[in-house]
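Residue numbers (the numbering used here), protein chains in the order written: chain A, 169 to 445; chain B, 962 to 1092.
Everything labelled a hint here was simulated from the structure, so no lab data went into it. One should not assume that every hint holds.
[Unchecked claim] Listed next, with one range per pair, are the computed distances between beta-carbon atoms:
#: 1; chain 1: B; residue 1: E1066; chain 2: A; residue 2: P312; range: 15 to 25 Å
#: 2; chain 1: B; residue 1: S1008; chain 2: A; residue 2: H293; range: 54 to 64 Å
#: 3; chain 1: A; residue 1: H209; chain 2: B; residue 2: H1030; range: 28 to 38 Å
#: 4; chain 1: B; residue 1: S1024; chain 2: A; residue 2: G327; range: 38 to 48 Å
#: 5; chain 1: B; residue 1: P1010; chain 2: A; residue 2: G316; range: 24 to 34 Å
#: 6; chain 1: A; residue 1: A326; chain 2: B; residue 2: G1005; range: 49 to 59 Å
#: 7; chain 1: B; residue 1: T1034; chain 2: A; residue 2: Q444; range: 37 to 47 Å
#: 8; chain 1: A; residue 1: T270; chain 2: B; residue 2: S1024; range: 22 to 32 Å
#: 9; chain 1: B; residue 1: G1080; chain 2: A; residue 2: K290; range: 29 to 39 Å
#: 10; chain 1: B; residue 1: K1067; chain 2: A; residue 2: I264; range: 33 to 43 Å
[Stated by the list, open to error] Stretches of chain A that chain B covers, calculated by requiring three or more beta carbons in the stretch to come under 8 Å of a beta carbon on chain B:
#: 11; segment: 222-228
#: 12; segment: 245-254
#: 13; segment: 314-327
#: 14; segment: 366-379
#: 15; segment: 385-392
#: 16; segment: 397-406
Because the structure is a prediction, the values reported are computed rather than measured. Beta carbons are placed, not taken as given, at the ideal position from N, Cα and C, and that holds for glycine.
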Amino acid sequence: MNILIFSLILLAGAYVAGLLGSLTGLGGGVILIPLLTLVFHVDIRYAIGVALLASIANSSGAATAYIKEGITNIRLGMFLEIATTAGAVGGALLAIFTPVNTIAILLGVVLIFSAAMTIRKKHEHAEQTGSKLSHLLKLNSSYPTPNGEVSYRLKNVAGGFGIMLIAGVLSGLLGIGSGSLKVLAMDSTMRIPFKVSTTTSNFMIGVTAAASAVVYLQRGYIDPGMAFPVVLGVLGGAFTGARLLTFINARTLRIIFSVAITFVALEMIYNGFNHQF
Amino acid sequence: MNVFKKILGDRDIELLIGKQLRTGVVTASCIALLGGIFYLAQQGAASVPDYSQFKGEGAEYTSFRGIFHGVATGSPTEFIQLGVLVLLATPILRILFSLLAFALEKDRLYVFITTLVLGIILFSMFGGLKI
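Chain B extracted, bound-state conformation:
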């Protein structure tokens, strides 16, 4: 009985993680679609930027501050980048959910493993890797 209960709990959490992943992707796509439509309405007639030369994007597209500032002023391209942020956050949030799940199960080994994975990702986000 105890084993049965444990499996059931495990499955619930797995299903929750599955749902969270889909919600994240759907939200990100909706934001990107909306931003895309506004972007095309505003700049659709302009000629395509030269993507064959790599220049790199400016701070408005590459930092939290820049993106949120652009969204606040109603710029469609920053709105698309917000969708990108949601998309990037989706798997990271999934790790947080897993961490919670393993903690509830009191599975210490996997709490450690999950924290390690989360640490690696956070390191790459904030570790000053921007060179």
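Okay, chain A solo, but in the shape it has when bound:
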């Protein structure tokens, strides 16, 4: 295969990954790494490097629209980024000492968890009593809904911060946005309405991914020959996905896809145990 054909196939694959990632809310990176390693037989370290780039592009590209709508809670994002960036740097350091097969197994486990999270029941209720810390850190806010502005308050800030630290470590170690863990921290722990937690999580992913990507770039994980088709493909796919979402109901797709990704994850875990990475 020559470089031209390889780049075009990679571009198409990244486009599909971006499309599915945006339709299902999983994000491009989570799909990209199995695609690169299992289909293209790329070393998982190269896959992690470019997947981080895809996460940054996705997050930054989508954030504009959400910020415009006024849903993103920027203070909350900033505060939690302390945890995710610190975790991400730690995770990127940890990656040096972690065997590649262990990373593949971990990634499989996170994939299954993410798949389960996409079909969970969503928390839409806006809490009216917040914790003391949420008030102190000025995290309580409001967001627009079809029925007007709804204000919400946060609970268990420390617990959410702790989960964010783990999300950051996983993001740095595996090269994914770990959006599902971020949403878990905000949705289930801090009791933030679903729309706010999804958009704020997306807003944070770019900064979290950049914190570990600067380490990976210097370590030589990011190859230009793969970087350009992947970044362009994922961005194009995510853009199409965002447009399609207004026409189609993604619920069925989400369930089918969650099952599919579970099988992919099992293959990653299986290969990891058999030392095939």
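Knowing the structure of chain A, use the given hints to seat chain B on it.
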């Protein structure tokens, strides 16, 4: 009235941050696209490097110096890496914008929080983490 004014100012800054993020991504993609086209025109017929074995990239792709040197000599792969640098800089620049925004609002707590996040990222950039 005062509260209203404060919210309006807040929103302006948020919108600016949103725009900056998009501009960064668009710029990075354009650079990567241009570099990619040149790369394919120059080396498209060559066979694919063996990506199944991790060798790690050399200094030409991993350091400021290497990348800028390559761009200056017109090498397409370093040009793609320049796009990567712009992409990486986009969220970092966003933090700087937020810092400025919180400083203008005289929100000391968030100036501190934002500086902390920026510090962590700069530490990972320059902290000698390359092992």
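These are the hints, each one checked on the structure:
Range check, E1066 (chain B) to P312 (chain A): about 21 Å between beta-carbon atoms, so the 15 to 25 Å window is met. Look at S1008 (chain B) against H293 (chain A): about 57 Å separates their beta carbons, and that is inside 54 to 64 Å. At roughly 32 Å, the beta carbons of H209 (chain A) and H1030 (chain B) sit within the given window of 28 to 38 Å. The hinted range of 38 to 48 Å is satisfied by S1024 (chain B) and G327 (chain A), whose Cβ atoms lie roughly 40 Å apart.
Taking the beta carbon of each, P1010 (chain B) and G316 (chain A) are about 56 Å apart, not inside 24 to 34 Å as hinted. A C-beta distance of roughly 54 Å is found between A326 (chain A) and G1005 (chain B), which places it inside the suggested range of 49 to 59 Å. Take T1034 (chain B) and Q444 (chain A): their Cβ atoms lie about 40 Å apart, and the range 37 to 47 Å holds. Roughly 29 Å separates the CB atoms of T270 (chain A) and S1024 (chain B), a value that falls within the hinted 22 to 32 Å.
Separation of G1080 (chain B) from K290 (chain A) is about 35 Å and conforms to the stated range, judged on CB atoms against 29 to 39 Å. Between K1067 (chain B) and I264 (chain A) the beta carbons are some 42 Å apart, a value that agrees with the proposed interval 33 to 43 Å. Only residues whose C-beta sits within less than 8 Å of a C-beta in chain B count toward coverage, and the segment 222-228 of chain A has 4 of them, enough to reach three; the restraint holds. Chain B is given as covering the segment 245-254 of chain A, and this holds because 6 residues of the stretch bring a CB closer than 8 Å to a CB of that chain, at least three being needed.
Check result for the segment 314-327 of chain A against chain B: violated, 0 residues qualifying (beta carbon to beta carbon below 8 Å, three or more required). Counting residues of the segment 366-379 of chain A whose C-beta lies closer than 8 Å to any C-beta of chain B gives 5; at least three are required, and the coverage claim holds. Using a Cβ-Cβ cut-off of 8 Å, 8 residues of the segment 385-392 of chain A lie near chain B, which meets the minimum of three, so the contact claim holds. By the rule of at least three residues with a Cβ nearer than 8 Å to a Cβ of chain B, the coverage given for the segment 397-406 of chain A holds, with 4 such residues.
When each numbered hint is compared with the structure, violations occur for hints 5, 13.
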